[in-house]
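Asker: So the chains spell out like this:
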Amino acid sequence: MDELDRKIITATQAGLPLVKKPYTAIAEQLGIDSETVKQRLQNMLDKGQIRRIGAVPNHYKLGYKANAMSVWNVPDDEIKELGDQLSALPFVSHCYERPRFLPEWPYNLFTMLHGKSREEVADKVQQVVKLLGEYCVGYELLYSKQILKKTGLRLKAKD
Amino acid sequence: MDETDRLIINSLQGNFPISDQPYLEVAQQLGISEDELLSRLQTMLDSRTLTRFGPMYDIQKLGGSFSLCAIRVPAERFEEVTEIVNAFPEVAHNYERDHEFNMWYVLATESPEQIIQTNQAIEARTGLKVYNMPKIQEFFVGLHFQA
Numbered sequence: 071m072d073e074l075d076r077k078i079i080t081a082t083q084a085g086l087p088l089v090k091k092p093y094t095a096i097a098e099q100l101g102i103d104s105e106t107v108k109q110r111l112q113n114m115l116d117k118g119q120i121r122r123i124g125a126v127p128n129h130y131k132l133g134y135k136a137n138a139m140s141v142w143n144v145p146d147d148e149i150k151e152l153g154d155q156l157s158a159l160p161f162v163s164h165c166y167e168r169p170r171f172l173p174e175w176p177y178n179l180f181t182m183l184h185g186k187s188r189e190e191v192a193d194k195v196q197q198v199v200k201l202l203g204e205y206c207v208g209y210e211l212l213y214s215k216q217i218l219k220k221t222g223l224r225l226k227a228k229d
Numbered sequence: 046m047d048e049t050d051r052l053i054i055n056s057l058q059g060n061f062p063i064s065d066q067p068y069l070e071v072a073q074q075l076g077i078s079e080d081e082l083l084s085r086l087q088t089m090l091d092s093r094t095l096t097r098f099g100p101m102y103d104i105q106k107l108g109g110s111f112s113l114c115a116i117r118v119p120a121e122r123f124e125e126v127t128e129i130v131n132a133f134p135e136v137a138h139n140y141e142r143d144h145e146f147n148m149w150y151v152l153a154t155e156s157p158e159q160i161i162q163t164n165q166a167i168e169a170r171t172g173l174k175v176y177n178m179p180k181i182q183e184f185f186v187g188l189h190f191q192a
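Order-wise, the sequence lines are chains A and B. Residue numbers for the first sequence follow my numbering, so the first one is 71 and each next one is one higher. Residue numbers for the second sequence follow my numbering, so the first one is 46 and each next one is one higher.
Read the hints as simulated data drawn from the structure, not as lab findings. Keep in mind that the hints are not guaranteed to be accurate.
Stated by the list, open to error - Taking lysine to aspartate or glutamate pairs in the EDC-like style, the calculated list, with each CA pair at most 16 Å apart, reads:
| # | chain 1 | residue 1 | chain 2 | residue 2 |
| --- | --- | --- | --- | --- |
| 1 | A | Lys-219 | B | Glu-183 |
| 2 | A | Lys-200 | A | Asp-154 |
| 3 | A | Lys-117 | B | Asp-103 |
| 4 | B | Lys-180 | B | Asp-103 |
| 5 | A | Lys-91 | B | Glu-79 |
| 6 | A | Lys-108 | A | Glu-98 |
| 7 | B | Lys-106 | B | Asp-65 |
| 8 | A | Lys-131 | B | Asp-91 |
| 9 | A | Lys-91 | B | Asp-65 |
| 10 | A | Lys-135 | A | Glu-189 |
| 11 | A | Lys-91 | B | Glu-70 |
| 12 | A | Lys-200 | A | Glu-167 |
| 13 | B | Lys-174 | A | Glu-174 |
| 14 | A | Lys-131 | B | Asp-50 |
| 15 | B | Lys-180 | A | Asp-146 |
| 16 | A | Lys-220 | B | Glu-70 |
| 17 | A | Lys-117 | A | Glu-151 |
| 18 | B | Lys-106 | A | Asp-72 |
| 19 | B | Lys-106 | B | Glu-183 |
| 20 | A | Lys-117 | A | Asp-75 |
| 21 | A | Lys-200 | A | Glu-210 |
| 22 | A | Lys-91 | A | Glu-105 |
| 23 | A | Lys-91 | A | Asp-103 |
| 24 | A | Lys-219 | B | Glu-125 |
| 25 | B | Lys-106 | A | Asp-75 |
| 26 | A | Lys-220 | B | Glu-183 |
| 27 | A | Lys-219 | B | Glu-128 |
| 28 | B | Lys-174 | B | Glu-145 |
| 29 | A | Lys-150 | A | Glu-174 |
To be verified - Now the stretches of chain A that chain B is said to cover, found in silico as 3 or more residues with beta-carbon under 8 Å:
| # | stretch |
| --- | --- |
| 30 | 107 to 120 |
| 31 | 150 to 158 |
| 32 | 191 to 201 |
We treat Cβ as the ideally placed atom computed from N, Cα and C, and that holds for glycine.
Using the sequences and the hints, build the whole thing.
Answerer: Rendered as structure tokens:
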């Protein structure tokens with residue numbers, strides 16, 4: 071990331087302008103030409119530095135009111151295989167291996183489960199339990215009670 | 046939210062074009078006018094049906110750092126600790142969860158050292174142990190929400 075990328079990121083991280091030519095608007099704001107803005111964005115997209123460009127829905131507003139972080143204790147030797155299998159389930163998002171803190175935190179596999187009700191989430195949990203089979207040493211569900219802060223990622227603008 | 050809003054949400058969670066008039070392109074695919082698409086996006090952002098519209102950056106691939114951290118906060122101190130933690134600009138998200146580990150926040154910083162420094166500062170200010178749980182490996186990211 072060079073200085074120009076950083077400027078483009080800070081100009082767009084809160085969102086694209088809702089005008090007919092959004093990339094031209096960004097270019098004018100930064101005092102560069104719109105081709106450069108488009109090329110830089112395309113380049114960051116190709117490199118995976120931009121995951122995607124589009125709408126980020128508020129899943130609470132879409133009716134997904136039951137949102138649980140599910141945490142699983144699985145054998146370290148099997149985690150790659152199990153993580154890949156879990157990821158293939160259509161309702162699984164954000165599947166990660168994370169460190170344990172023994173004895174108080176034995177869980178090493180994390181995934182978010184979203185549903186319109188806790189019953190729907192419970193049904194998804196059972197599908198995960200079934201898939202993990204004998205490798206599931208233990209699990210817990212941590213439902214979100216409230217969002218305390220959500221600003222998203224913000225690079226600070228330099229100068 | 047009506048059928049057109051649903052159509053917009055379901056078809057616009059990625060692949061927004063990088064072109065001169067991207068809204069026009071998308072509107073044509075959806076069979077609505079460019080002005081209607083723009084005004085519906087604005088309305089959905091205003092009502093918080095959409096939290097954002099634009100590029101989603103991967104801070105790690107940009108050289109930054111990211112970590113999920115947890116604290117077991119005594120119930121009677123929850124409000125006070127929330128205030129301390131949220132005041133750090135490095136804290137991008139913070140959620141209360143129904144568990145003994147009841148506070149879960151995400152740090153986003155420009156270097157790995159800042160993750161450690163921020164957590165040390167949070168421990169010093171709160172007197173509570175921070176469980177730093179950065180990802181060791183990622184199996185999958187991204188769920189397509191059906192509106």
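Asker: Evaluate each hint against the coordinates.
Answerer: Do the hints match the structure? See the list:
no.	hint	result
1	A:Lys-219 / B:Glu-183	violated, 24 Å
2	A:Lys-200 / A:Asp-154	holds, 15 Å
3	A:Lys-117 / B:Asp-103	holds, 10 Å
4	B:Lys-180 / B:Asp-103	holds, 14 Å
5	A:Lys-91 / B:Glu-79	holds, 11 Å
6	A:Lys-108 / A:Glu-98	holds, 13 Å
7	B:Lys-106 / B:Asp-65	violated, 27 Å
8	A:Lys-131 / B:Asp-91	holds, 12 Å
9	A:Lys-91 / B:Asp-65	holds, 6 Å
10	A:Lys-135 / A:Glu-189	holds, 11 Å
11	A:Lys-91 / B:Glu-70	holds, 11 Å
12	A:Lys-200 / A:Glu-167	violated, 19 Å
13	B:Lys-174 / A:Glu-174	holds, 12 Å
14	A:Lys-131 / B:Asp-50	holds, 13 Å
15	B:Lys-180 / A:Asp-146	holds, 14 Å
16	A:Lys-220 / B:Glu-70	violated, 31 Å
17	A:Lys-117 / A:Glu-151	violated, 26 Å
18	B:Lys-106 / A:Asp-72	holds, 13 Å
19	B:Lys-106 / B:Glu-183	holds, 13 Å
20	A:Lys-117 / A:Asp-75	holds, 13 Å
21	A:Lys-200 / A:Glu-210	holds, 15 Å
22	A:Lys-91 / A:Glu-105	holds, 12 Å
23	A:Lys-91 / A:Asp-103	holds, 12 Å
24	A:Lys-219 / B:Glu-125	holds, 14 Å
25	B:Lys-106 / A:Asp-75	holds, 13 Å
26	A:Lys-220 / B:Glu-183	violated, 22 Å
27	A:Lys-219 / B:Glu-128	holds, 10 Å
28	B:Lys-174 / B:Glu-145	holds, 13 Å
29	A:Lys-150 / A:Glu-174	violated, 23 Å
30	107 to 120	holds (count 9)
31	150 to 158	holds (count 5)
32	191 to 201	violated (count 0)
Violated hints, in rising order: 1, 7, 12, 16, 17, 26, 29, 32; the structure is consistent with all others.
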